[in-house]
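Given next are the chains, with one letter for each unit.
Protein chains: 4
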Amino acid sequence: MIKAGIIGSTGYAGAEIVRILLNHPETEIIWYGSKSYVDQRYADIYKNFFELIDDKCLDDNIDKLSREADVIFTATPQGYLAGILNRDILSRCKVVDLSADYRIKDVKVYESWYGIEHKSPELIADAVYGLCEINRDKIKNTSLVANPGCYTTCSILAAYPLVKEGLIDTDTLIFDAKSGTSGAGRSAKTANLFCEVNENIKAYGVANHRHTPEIEEQLSYAADSDVMVSFTPHLVPMNRGILVTAYASLKDKKINAEDIGRAYEKYFRDEYFIRLLGQGVPPETRWVEGSNFVDIGYKVDERTGRVVMMSALDNIVKGAAGQAVQNMNIMFGFEERMGLELLPVFP
Amino acid sequence: MIKAGIIGSTGYAGAEIVRILLNHPETEIIWYGSKSYVDQRYADIYKNFFELIDDKCLDDNIDKLSREADVIFTATPQGYLAGILNRDILSRCKVVDLSADYRIKDVKVYESWYGIEHKSPELIADAVYGLCEINRDKIKNTSLVANPGCYTTCSILAAYPLVKEGLIDTDTLIFDAKSGTSGAGRSAKTANLFCEVNENIKAYGVANHRHTPEIEEQLSYAADSDVMVSFTPHLVPMNRGILVTAYASLKDKKINAEDIGRAYEKYFRDEYFIRLLGQGVPPETRWVEGSNFVDIGYKVDERTGRVVMMSALDNIVKGAAGQAVQNMNIMFGFEERMGLELLPVFP
Amino acid sequence: MIKAGIIGSTGYAGAEIVRILLNHPETEIIWYGSKSYVDQRYADIYKNFFELIDDKCLDDNIDKLSREADVIFTATPQGYLAGILNRDILSRCKVVDLSADYRIKDVKVYESWYGIEHKSPELIADAVYGLCEINRDKIKNTSLVANPGCYTTCSILAAYPLVKEGLIDTDTLIFDAKSGTSGAGRSAKTANLFCEVNENIKAYGVANHRHTPEIEEQLSYAADSDVMVSFTPHLVPMNRGILVTAYASLKDKKINAEDIGRAYEKYFRDEYFIRLLGQGVPPETRWVEGSNFVDIGYKVDERTGRVVMMSALDNIVKGAAGQAVQNMNIMFGFEERMGLELLPVFP
Amino acid sequence: MIKAGIIGSTGYAGAEIVRILLNHPETEIIWYGSKSYVDQRYADIYKNFFELIDDKCLDDNIDKLSREADVIFTATPQGYLAGILNRDILSRCKVVDLSADYRIKDVKVYESWYGIEHKSPELIADAVYGLCEINRDKIKNTSLVANPGCYTTCSILAAYPLVKEGLIDTDTLIFDAKSGTSGAGRSAKTANLFCEVNENIKAYGVANHRHTPEIEEQLSYAADSDVMVSFTPHLVPMNRGILVTAYASLKDKKINAEDIGRAYEKYFRDEYFIRLLGQGVPPETRWVEGSNFVDIGYKVDERTGRVVMMSALDNIVKGAAGQAVQNMNIMFGFEERMGLELLPVFP
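Residue numbers (the numbering used here), protein chains in the order written: chain A, 1 to 347; chain B, 1 to 347; chain C, 1 to 347; chain D, 1 to 347.
Careful, some of the hints might be misleading.
Just so you know, same-sequence chains aren't split out, so a pair can sit in one copy or run between any two.
As the list claims (entries may be wrong) - In silico BS3-like links for lysine-lysine, alpha-carbon gap of 27 Å or less:
no., residue 1, residue 2
1, K189, K35
2, K253, K108
3, K108, K266
4, K105, K119
Worth flagging that the hints you see were computed from the coordinates, not collected in a lab.
Pulled out of the complex, with its shape left as it was, chain A reads as follows (with noise of 0.2 Å):
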């Protein structure tokens, strides 16, 4: 039984940080930190967990946390753990960053996307890029995963095996990715008000949203050069889950259905939360909702020269919370499924 300190609890991602550990047999929640409601109960912010959990609120103190957890999830704004960790922290304890700070390899790469300075470029090295199905093994032996993006999730996951196989022309890369409102986060803005989100759809950061560097950088290192795509998200009226369509040209016209299937079934078939819906099939936020699992089906269009790549995840689980579980589970050596057997709820 391993003790677990959540920094920024009372945000939708660390809310379901909860809701899964809640259910794992092997770790016990012992600090649900807070920057907003410290002192208050927790059961009071998230009423689902009322008669569930009675503990207050503590505040984001992560030199004392790292004294008593065994393990940190950081779900917190951007630039925030960068300012704080250091290798004292990580010689105690474990940590999965939600947040971007630890993501991406070249600080300037990640200074100019997000736009403030980077306060520990020391550690950068240090970290894995928690995307469990790719690094699994490097993830083992860190102290500290960056765990990746929820668009990032399901971009890379869907693109991973057409482009380490050289399936697809990579300068043709285009990722159109929808999302529910959930990935906006709990804080007050007009603009994600319910009237405002309701029956409307908007494309949003067309062109510079930050997890592209992260996209391009991963499928860099699966391509084995650079790698530059077209990224752009959209808000759609739902409370959960990210639809990623993709697009890419094929690099030979006598690449067909079968060779992506079997892409697909080469890197992923043995990967318990990737379901492959195989061709013509497309995946439905639907079914996925609540769980871990990453759907993915792609269609071949031979009118175009085109493969249609898509995949379908619960952003706060698989694109948030699931995974830093996944992570989590991978860095203690427990079974990597251990406590996220969440079956999707539909409807």
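Assemble the complex: chain A is given as a structure, and chains B, C and D must be docked to it using the hints.
Just chains B, C and D, lined up with the frame of chain A:
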């Protein structure tokens, strides 16, 4: 390990029984019964179960099923089970019926509200009304449970302690109920299309909804006298959840909020699945979604001499599948919460 | 052609006044007042008006405005107008106030329910309660209309004929109301975020909502005796619409559906904006969305001796901006429907 | 005053033609045609028109109708009109066809994408593709307008100026479209039930949706060469609205945002129904809901050398009924905006 069969497994309630039983440590599903999808893979109909269920749908041969299963769940149209059930079947296995066929003791009342002839009235006396928190002892010893309706579970639990303790004038009882759309089922009807339900709220079945006599019968037992109520259901543009707002005049001006609170505590304090929010705290469906909880709050209004009773549950969990499994647990002597410690999913 | 100014034009009700007046043949908007957006282009805040409105937002200098405009609409927080209005202003132009400041004749009742001191109680007697179908004649001759609340318009109209005709026992009157989320306004609050409202229904302000005394006062006039009611509002995951389900015991067992129908016909038969659906036809908010209509249906329940009164309207049209313009039309002697023949938009 | 008949008036597009024509000063509806609701009152099917329309539904006898009406709108299933239309009918009255029957000039392309035989190919040459802003002059002189599809209107208008001006490489054109659910029609299908659509987003018709050849044909005219595109529609949980996000590589690295802006201005500056938002401003469906506007924005991405074209419209107004009436106005020499100055309704 017991064996379970589900007749009507492809409706929303049936699919929720599947979701719950898949994680139940003492139960194995051996029969996915269906009228419309025989021989189709269950996971093709409910793709949330892709790679989780391999079975194909079977027919609804209850006689054959009763020779293979220890328990049968029937989530079938009104009148269907009454037409095929008999003592032979009940001698071989236990039955939890999610339809209304055996809920009402007076067969004439059933026939008048449902407009159909009851084909096996001789079995009605054998059936136990499966409102677990009220009838637990009787459920232990029966082979046939009439699982309560979704509206009725929510309505009865909100009022039961106050009726039982004689705190309210039952002649003034009014239940105004609001339900998510999954309660309308999965069959294709224009009235339930997205564009007809979305951005709308309406009452329906005003003064003649079939759950009325069920509420009245159970509250009459509690009052030990005939109770007649007004019940109005409404359709709300959301998937899951029922909220009941009930009104009644207090029997006496001296009755105050503490008295009401004490009555709720007396009957429900030790009930895991009932969460008492107390005076002035309105329950919300989002806090119970996906779980077997019923949240109950109330407000004594001294101006009008009324108490407003409020309750919220997930209509396809505590209002259908969850309570059905809770009944199964009681019938088989399992821990009552087994497989049902589902945490509410929010947002 | 008259000149209109709007103080509080950047809230949802203010923006709906804009939408209506833009198509009003006898009115020109000369002042888009705002607290938060002074000097910003109105069409940057409400982009539906892009290329339709060039004006920038002005401040809320009512004194200046009253020298330029013929009519002022105030869609401002409670207490604001009471603090700045005076007879001077009213001598120069007419005012339609969408706040509650002048709705309640007894200033102590106002101060007790709203918890604020009334700064211009001497003007309350001058104000006419702007429920057009009831107070049309008084509205013609006043300079100050207190535009009714959204819930109150819907509630009063549902019950008024039956109260006026003495058909129901007013001691038993209960209003259970359900509202879309635009009624909660456009200010940034966590409770009104998409993910908090979506997939949820809740009651709020139970037994203490501020629209209660307004309903009671108007129905007391109709009954010619003091009326006290229960009123419970609920928040529904949709943008627009209010549905009221009201309950009361019939005064006499002999009163039947025709009697009730006759009462509604007597008062509302000739009212263009009130559509009488008759016995057993529940109104639905989708059928009035975007329009100034109020749909009213009812059901006499002989079992319980009650009548269920049901009404639906669009909370920001007939419940706010539409009725405000209807009041303006009456005050200025325009055709009452002018600019208000908005067809309901479905789906 | 002309007389209009609608065949298929009880679908969503048909009902929207009704909503628009009721306020059209020069048109009277004389025929509410229906297949399923003959002899039923139109206002019983669409209760928003209660007390506004007294007519009953008539059948779909186009021959009789053509002797009584000046214009016929057909909102009918694919292939239906092609089976009954002839030159006789067209000699007596004008026809605006909202189905796809006469949109595609090459009958083989039509038959291959729609999988049905075209029964009146000889009329195809007579038909004008009714994209008003592009084909206005031809529309003036025809008796048969093929009203464009909802997706196609939105897609073509987003790309037209850039294709026409040769600014983008048409071999790289990708249209990722997202639609509200009213586009799926009003017939009862399980896939379109509230609980199936709500809280979900999915792609469908990937690489084989029937609007693809329509987009390709029109853009080929603009490019003066064959254009082949990728087109992917998605279903969004909202009633109305289409958003198109389109991608293409710029022909030349020197092309910048101003060049793109100039191209849009050149073709659409004077178009009332097209609102140009400019560089970096993404359109949103909420700002056009209920109106005949198309909002277009774009973003030049210098990193990737692509331009992202974005457009939003209301699928049953500019995407169907609104454009149909706009075509009627042009055909009859009415002011093009007549009856169409519908303000967008928000929220």
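Hints and how they fare:
1. In this assembly of identical chains, K189 and K35 lie within 27 Å of each other by CA distance both inside one copy and across copies; the values are 18 Å within and 17 Å between.
2. For a Cα distance limit of 27 Å, the shortest separation of K253 from K108 across copies, 25 Å, qualifies, whereas the shortest one inside one copy, 39 Å, does not.
3. Proximity of K108 and K266 under a CA criterion of 27 Å is satisfied in neither setting, with 35 Å inside one chain copy and 41 Å between copies.
4. When the C-alpha separation of K105 and K119 is checked against a cutoff of 27 Å, the pair qualifies only within one copy, where the shortest distance is 14 Å, while the shortest distance between copies is 62 Å.
Comparing the model with each earlier hint shows a violation of hint 3 alone; every other hint is respected.
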